[in-house]
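J.: Listed below are the residues making up each chain.
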Amino acid sequence: MASKTQSKTTAEFADDPINASLTADDKIELLRKMVRIRRFEQTSLKHYHAGSIGGFLHLYIGQESVAVGSISLLGDHDHVITAYRDHGHALAVGMTMDECMAEVFGKKTGCSKGKGGSMHYFAPDKNYWGGHGIVGGQTPLGAGLAFGVKYLGQKGCCLCYLGDGAINQGAFHEALNLAALWDLPVIFIIENNGYSMGTSQVRSSAHPEEGLAARAQGYNMDWAQIDGVSVYEIRAGVNKAVLRAHEESRPTLLEIKTYRHKGHSVADANAEKYRTKEEIQEHMAEHDPIDFWKSTLIGEGVITEDDYKQINKEAGAEADAAAEFAIKSPFPDESEIFDDIYWEVDNNTEAGRTGRHFFHG
Amino acid sequence: MPREITYREALREGLDEELAHDDNVVIIGEEVAEYNGAYKVTEGLWKKWGDKRVIDAPISEAGFIGMGIGASMLGIRPVMELMFYSFAYVAFDQMMNNAATCRYMSGGLINVPIVVRGPANGGTNVGATHSHTPENIFANMPGLKVVSPSDPYDVKGLIKSSIRDNDPVYFMESTVLYGMAGEVPSNDELDEGELIVPIGKAKVKREGADISLIAHGRAVVSSLAAADILAEKYNINAEVLDLRSIRPLDEQAIMETVRKTHRAVYVEENKPFCGIGAQVSSMIMEQAFDDLDAPVLRITSADAPAFYSPPIEKLQLPTPEEIVERSLTIC
Ligand SMILES: Cc1ncc(C[n+]2csc(CCOP(=O)(O)OP(=O)(O)O)c2C)c(N)n1
Ligand SMILES: [Mg+2]
Numbered sequence: 001m002a003s004k005t006q007s008k009t010t011a012e013f014a015d016d017p018i019n020a021s022l023t024a025d026d027k028i029e030l031l032r033k034m035v036r037i038r039r040f041e042q043t044s045l046k047h048y049h050a051g052s053i054g055g056f057l058h059l060y061i062g063q064e065s066v067a068v069g070s071i072s073l074l075g076d077h078d079h080v081i082t083a084y085r086d087h088g089h090a091l092a093v094g095m096t097m098d099e100c101m102a103e104v105f106g107k108k109t110g111c112s113k114g115k116g117g118s119m120h121y122f123a124p125d126k127n128y129w130g131g132h133g134i135v136g137g138q139t140p141l142g143a144g145l146a147f148g149v150k151y152l153g154q155k156g157c158c159l160c161y162l163g164d165g166a167i168n169q170g171a172f173h174e175a176l177n178l179a180a181l182w183d184l185p186v187i188f189i190i191e192n193n194g195y196s197m198g199t200s201q202v203r204s205s206a207h208p209e210e211g212l213a214a215r216a217q218g219y220n221m222d223w224a225q226i227d228g229v230s231v232y233e234i235r236a237g238v239n240k241a242v243l244r245a246h247e248e249s250r251p252t253l254l255e256i257k258t259y260r261h262k263g264h265s266v267a268d269a270n271a272e273k274y275r276t277k278e279e280i281q282e283h284m285a286e287h288d289p290i291d292f293w294k295s296t297l298i299g300e301g302v303i304t305e306d307d308y309k310q311i312n313k314e315a316g317a318e319a320d321a322a323a324e325f326a327i328k329s330p331f332p333d334e335s336e337i338f339d340d341i342y343w344e345v346d347n348n349t350e351a352g353r354t355g356r357h358f359f360h361g
Numbered sequence: 001m002p003r004e005i006t007y008r009e010a011l012r013e014g015l016d017e018e019l020a021h022d023d024n025v026v027i028i029g030e031e032v033a034e035y036n037g038a039y040k041v042t043e044g045l046w047k048k049w050g051d052k053r054v055i056d057a058p059i060s061e062a063g064f065i066g067m068g069i070g071a072s073m074l075g076i077r078p079v080m081e082l083m084f085y086s087f088a089y090v091a092f093d094q095m096m097n098n099a100a101t102c103r104y105m106s107g108g109l110i111n112v113p114i115v116v117r118g119p120a121n122g123g124t125n126v127g128a129t130h131s132h133t134p135e136n137i138f139a140n141m142p143g144l145k146v147v148s149p150s151d152p153y154d155v156k157g158l159i160k161s162s163i164r165d166n167d168p169v170y171f172m173e174s175t176v177l178y179g180m181a182g183e184v185p186s187n188d189e190l191d192e193g194e195l196i197v198p199i200g201k202a203k204v205k206r207e208g209a210d211i212s213l214i215a216h217g218r219a220v221v222s223s224l225a226a227a228d229i230l231a232e233k234y235n236i237n238a239e240v241l242d243l244r245s246i247r248p249l250d251e252q253a254i255m256e257t258v259r260k261t262h263r264a265v266y267v268e269e270n271k272p273f274c275g276i277g278a279q280v281s282s283m284i285m286e287q288a289f290d291d292l293d294a295p296v297l298r299i300t301s302a303d304a305p306a307f308y309s310p311p312i313e314k315l316q317l318p319t320p321e322e323i324v325e326r327s328l329t330i331c
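Listed in order, the protein sequences are those of chains A and B.
Anchor point for the first sequence: position 209 equals 209 in our numbering, and the numbering is continuous, going up by one each time.
Anchor point for the second sequence: position 321 equals 321 in our numbering, and the numbering is continuous, going up by one each time.
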């Protein structure tokens, strides 16, 4: 549950015009999205343990409010790009559980036809540009999407998410400089969950006292720190940055404080060693963004406890059905190995037919 | 009298025509705009096209190339200049991970129509950090295309097709060639109205029957000089095949010349270990073994970082004399 000060500020954030305009249905939809993300991941975790999913699985559990709150603000010319902890953003932009689940199962029906896996979801039709596995590597791309929007004369922006560990990558600093220098409508959102793998944030980043985002001052860029427990606060804070991007074509660096309940990835054997059980318990019991939003909505009379149970049940059923879909789907065919490498080859153009493109065998 | 212009001018003409051809073409790089280009390749383009189309970037290769990759996903066609291709290494993650694999990892939903161009050559006494020849490194990565034009005609035709190509093209030039003049027809002399050279098509630059000198980039020029010596002094008629692009590779043209002359030498300014010659000679062995009258030779740069001292660095690169000498061992 929220502390007193939090509920006070929550009331203030609730009055922000961007939140005051939310209908009861909108609010329920935000809850449903967060619950769907959580149930999707809990289900994928179950199947990971059962051995149906390979490689890494980085769960977003505990951080759902960040993707759902911020992405709920976007319009037609706004774009999203993130790192490998990408299931939440994918479902938030409207990708289906089926295509996302099938992808982690490595199936042909996955969003990337089984070629990307958990870390590499893409949906350009929903302005969702991945899903990137190299820490910080997506940040210049985020600046580039904003460059593209501006170049094409559209009123839009790019939300570019990264972790608290990623902020020490050189490419990120280059992206910050370009964004500020060239007035790119990009919003870098540091999802500060306190850890980069097993290294706590205090052990990895030197930064001004005011927080990680305050580094933006060095680039003459606007910044803010946001508490990630409340959807209202996230929406109010991110919306300011979106307006700045849309109206002034200026970038913003945001730090959203959040927490991941699970280990770094499912393979993280030390999830309870570099931090205490009590710390995890406290976050799960007192700062869980879904619990918080649920109580907020019950407090507002928007939903009842039973409504919540129903939403949870439906999301669980949807996730189970997605797993069923994934299990039943075929694996990709070996013949697909050489598809999707060159656009010109895939489209059988003159250029794609000229010269040898592949050299195996 | 056909028109002669330099490699630099031909390249600029190609860039200029593509800026005119497609509003989404944008040139970005260090000193490309107001300074007119570190090598004057982009001279006058900023003045003509303005701030939106020709953009000076800070010294931030990972940042601006990564930015170009992101923009290209939205249909922008960024043509990024690297002041030296050696600087690609600070943008390596962007060029290898992001440009090359986003299409694959998205199951074909994305394509990255970016061009990254600049000089990739040694031989100018600037030391090892400024003399890298990474065509083999980038050609190793499926998803990328590597183009290496050796004359003014090709550099114009190939830059135009590279910009129109819907995949990432890494376009490697040579500062030594920038001042070289050659025949480049003006557009009104051409039936098609413009000069386009397809990527993936090699060109026989000199016909011959006795030995094939296969090369790319400036090594083509050295091979042509060697062929002259072989003809004059030794009565050996060498065929010179310019690959023009490394990936895609014109395998057919390689096998045709080998089947014609039965002797092949690969000449390149790249390093020997897993160089282009290693790839090409392996393909020749597999596909034309019975046509060979001698082992395939590889002539490369010396297997050492580039030497600064001018007289010594010269010896590191394949010279016409070395090509002649080595060729004679199999003729
Ligand atoms: C360039 C690079 N270095 C290291 C890794 C391995 N790695 C993956 S995630 C991670 C921690 C990143 O933490 P953070 O940025 O805080 O994001 P979070 O996992 O907390 O979401 C590391 C070290 C990587 N994928 N890429
Ligand atoms: Mg973190």
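Because the hints were derived from the structure by calculation, they are not lab data.
We put the beta carbon where it would ideally sit given N, CA and C, even for glycine.
Treat each hint with caution, since some may be false.
With beta-carbon atoms standing in for the labels, derived distance ranges [unchecked claim]:
1) A:Glu210 / B:Asp51: 33 to 41 angstroms
2) A:Arg353 / B:Glu286: 47 to 55 angstroms
3) B:Asp22 / A:Phe359: 43 to 51 angstroms
4) B:Asp22 / A:Lys313: 31 to 39 angstroms
5) B:Thr129 / A:Arg203: 28 to 36 angstroms
6) B:Ala20 / A:Gly153: 46 to 54 angstroms
7) A:Lys328 / B:Met285: 27 to 35 angstroms
8) A:Ser335 / B:Glu192: 42 to 50 angstroms
9) B:Ile330 / A:Leu181: 53 to 61 angstroms
10) A:Arg353 / B:Asp23: 49 to 57 angstroms
11) A:Gly51 / B:Asp51: 28 to 36 angstroms
12) A:Val202 / B:Tyr308: 42 to 50 angstroms
So the derived list for chain A, only partly shown, Cβ under 10 angstroms to chain B, looks like this [unchecked claim]:
13) Phe56
14) Tyr151
15) Ser295
J.: Does each hint fit the structure? Answer for all of them.
T.: Going down the list of hints, with the structure as the test:
For Glu210 (chain A) paired with Asp51 (chain B), a C-beta distance near 35 angstroms keeps the hint of 33 to 41 angstroms intact. Distance hint check for Arg353 (chain A) and Glu286 (chain B): the Cβ-Cβ separation is about 22 angstroms, which falls outside the suggested range of 47 to 55 angstroms. The hint said 43 to 51 angstroms for the Cβ distance between Asp22 (chain B) and Phe359 (chain A), and at roughly 31 angstroms that hint is violated. One distance hint, 31 to 39 angstroms for the beta-carbon pair Asp22 (chain B) and Lys313 (chain A), is violated here, with the actual separation near 53 angstroms.
Between Thr129 (chain B) and Arg203 (chain A) the C-beta distance comes to about 34 angstroms, which sits within the given range of 28 to 36 angstroms. The hint said 46 to 54 angstroms for the Cβ distance between Ala20 (chain B) and Gly153 (chain A), and at roughly 19 angstroms that hint is violated. For Lys328 (chain A) and Met285 (chain B), the Cβ-Cβ distance of about 47 angstroms falls outside the hinted range of 27 to 35 angstroms, so the restraint is violated. The hinted range of 42 to 50 angstroms is not satisfied by Ser335 (chain A) and Glu192 (chain B), whose Cβ atoms lie roughly 37 angstroms apart.
Judged by the Cβ atoms, the range 53 to 61 angstroms given for Ile330 (chain B) and Leu181 (chain A) holds: they are separated by roughly 56 angstroms. At roughly 28 angstroms, the beta-carbon separation of Arg353 (chain A) and Asp23 (chain B) lies outside the given 49 to 57 angstroms, and the hint is violated. Roughly 56 angstroms separates the CB atoms of Gly51 (chain A) and Asp51 (chain B), a value that falls outside the hinted 28 to 36 angstroms. For Val202 (chain A) paired with Tyr308 (chain B), a C-beta distance near 46 angstroms keeps the hint of 42 to 50 angstroms intact.
With a cut of 10 angstroms, the hint placing Phe56 (chain A) at the interface with chain B is violated, because the nearest CB-to-CB distance is about 14 angstroms. Annotation: interface hint on Tyr151 (chain A) holds; nearest CB of chain B at approximately 6 angstroms, less than 10 angstroms. For Ser295 (chain A), the interface hint is violated, since its Cβ never comes within 10 angstroms of a Cβ in chain B; the closest pair sits about 39 angstroms apart.
Violated hints for the displayed structure, listed by number in ascending order: 2, 3, 4, 6, 7, 8, 10, 11, 13 and 15.
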